[in-house]
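Number of protein chains: 2
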Amino acid sequence: MSEIVTAGILVIGDEILSGRTKDKNIGYIAEYLTNIGIDLKEVRVVADDEGAIIEALNALRSRYTYVFTTGGIGPTHDDITADSVAKAFGVGIDLHPEVVARFRQRFSEAELNEARLRMARIPDGAELIQSATILAPGFKLDNVIVMAGVPSIMQAMMDIVAPKLKSGVRMLSDSVRANAREGDIGSPLRAIAAAHPDTSIGSYPFLDENSKPNTNIVVRSRDADKLKAAMAAVQEMLAGLNLTR
Amino acid sequence: MSEIVTAGILVIGDEILSGRTKDKNIGYIAEYLTNIGIDLKEVRVVADDEGAIIEALNALRSRYTYVFTTGGIGPTHDDITADSVAKAFGVGIDLHPEVVARFRQRFSEAELNEARLRMARIPDGAELIQSATILAPGFKLDNVIVMAGVPSIMQAMMDIVAPKLKSGVRMLSDSVRANAREGDIGSPLRAIAAAHPDTSIGSYPFLDENSKPNTNIVVRSRDADKLKAAMAAVQEMLAGLNLTR
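Taken in sequence, the protein lines are chains A and B. Here our numbering is used: the first residue of the first sequence is 293, the next is one more, and so on. Here our numbering is used: the first residue of the second sequence is 293, the next is one more, and so on.
Treat the hints loosely; a few may be bogus.
Put simply, identical chains are the same to the list, so a pair is met inside one copy or across any two.
[Stated by the list, open to error] Listed below are the simulated SDA-like cross-link pairs for lysine to any residue, each with C-alpha atoms no more than 20 Å apart in a straight line:
1. 314 / 498
2. 504 / 403
3. 458 / 297
4. 520 / 416
5. 504 / 425
6. 458 / 324
7. 456 / 298
8. 518 / 480
9. 379 / 499
None of these hints come from the bench; they were simulated from the model. As the structure is a computational prediction, the values presented were derived from the model and not from experiment.
The task is simple: from the sequences and hints, build the whole structure.
Written out as C-alpha cells, the structure is:
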C-alpha cells in the first residue's frame, strides 16, 4: 500500500490576524496539495513573533510529511521567518553566496543595502526556491518549505517545489447536488457513511438559485471502486427520497 | 492599565483542508475582533476529526481570552463540533429543551427527524446563540464561542455574541503609501520601529497601478500619541528619501 503523504500550512503575518489582509494562500495551497496527492491536515496562522513561529513550526514539522509556510521573507524588520526557521531547526543562518551573486546582478551597489541583503539570509543546509522572476528566494529545509506571502510569488514557488515532493495516492472525489435540505438526508447519509469505510462523505448546505436550502454531497476516497460504490448509494438514496419540501 | 483581550479562531472542516471550500470566515472575524478591541493571536484549521478538534480547542482556550469556532454544527454525520466541545470540557451533552421547542414550532413531526434533532444537542451549561433567522443555534461555553460555518449565519452569530464579550483598549492604526520599494525603506523603517516601542510597524509590498513595486506601511498602537509620533517619523523618513527608482 502506498504511503499517505501529509502536510501542514503555517501562515505568518500580523496583517492576516488584524484582518487588514485577507489570506488567499490557504485555499490555493489546499487545492494544489489535493491535486498532487498530498493530504493537508492542519493550518495555523501566527503573528510576526519569533516564539509563536518556532512553536507552531516545530509542532507541524514533527507531525506532517511537509510544512508549507507563507509570509515574512521580505526585506523589512517584520520579516523574521528565515531567522525563526533557522532557530527552530537549531542551525545557523547567513548570507547565501548564490543569492548575493544574483542580487549583485540585479541591484546597483547603492540599492544593495542592508535591508535587501536580509533577503539573502538563508538557513544553513537549505535548498533555494527561486527563478528569474522571484526576487527574495524561498527555500526548503528538511521537510519545511518557506514561501513568500504575496500570492503570485507563492504560486510561482509552489510550481518550482512541487515536482520535488513525494506524493501519495491521490484522493479522488465526486459530488452531487442533492436538491434536498441537509436535515432531510442526514440520517440516510449517516448510514451510507457507516456502510462505506475508506470513503469520506461530506455534506455542505447552501442556498440555491431560488433561495431554497439545498445541499452538496461530496464523496472522497483513494479507491476508485469504493468511491463509485458510495456515490451510487448516495444517488440511490436521493432518488428514493420522498421529499417534504 | 486596561486588560488586553485576546482570541483564537478554530476553523473546523474537511472542505477547507481539501481546498473545495475557500474560507471566508477568518478574515471577517479577524477584522471584526480588531474593531471591537480584541487581539486575534492565532488561527487553526482542523479536519472533522474529534481528536484534532479537541486538541486544538484545548490549546487555544487555555491560551486566549476567547476562542471562536466555525463549522460542524449542522445535522449530518460530519457535524461533530458540539460533541467535541463537550468532550474537550468534560461536560455532558443532550437535547436542549429550548431548541427542541423552537424546532417543534418550525418543523412538522415528520421533518423533526434524528438528523435535525442533532442540531439541538448542546453541551451542558452552554448559552445559546440564536435568533429567529438562525436554524441551528450556536452556543457559548465558558470562553468558547461555537458558530456556524456558513458565512452569513456566522456573521449573524457574531453580532449576537459580540456585545456580551469584554473588549480591551482598541488597537488604533494608520497607514501610508510609501511610493517606494520595500528594499529602499527597510533600514530606516527598522530604526523607526526600534525607536518607537508600544507601536507595531508593518510593511506590505504591492504592485501599484503602473506595475511598479510599492509599499504600504501600517503603524499600530493602543496609544494615540505614540501612534501619531511613529507615523510622523515614517512620514518624515519618506519625505526625505532620495529614491533611486
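How the hints compare with the structure:
Taking identical chains as interchangeable, the C-alpha atoms of residue 314 and residue 498 lie at most 20 Å apart only when they sit on different chains, with a minimum of 14 Å there against 23 Å within one chain. For a Cα distance limit of 20 Å, the shortest separation of residue 504 from residue 403 across copies, 16 Å, qualifies, whereas the shortest one inside one copy, 59 Å, does not. Only within a single protomer do residue 458 and residue 297 lie at most 20 Å apart by alpha-carbon distance; the minimum there is 7 Å, versus 43 Å between protomers. Taking CA atoms no more than 20 Å apart as the test, residue 520 paired with residue 416 passes in neither setting, with 48 Å inside one copy and 41 Å between copies.
Within a single copy, residue 504 and residue 425 get their C-alpha atoms only as close as 47 Å, which misses the 20 Å cut-off; across copies the closest is 14 Å, which meets it. Taking the shortest Cα distances, residue 458 and residue 324 sit within 20 Å of each other inside one copy (14 Å), while across copies they are farther apart (40 Å). Within a single copy, residue 456 and residue 298 get their C-alpha atoms as close as 15 Å, which meets the 20 Å cut-off; across copies the closest is 40 Å, which misses it. In this assembly of identical chains, the alpha carbons of residue 518 and residue 480 lie at most 20 Å apart only when taken from the same copy (18 Å versus 60 Å across copies).
For the identical chains of this complex, residue 379 and residue 499 are neighbours neither inside a copy (48 Å) nor across copies (32 Å), given an alpha-carbon limit of 20 Å.
Figure legend: structure checked against the earlier numbered hints; hints not met, in rising order: 4 and 9.
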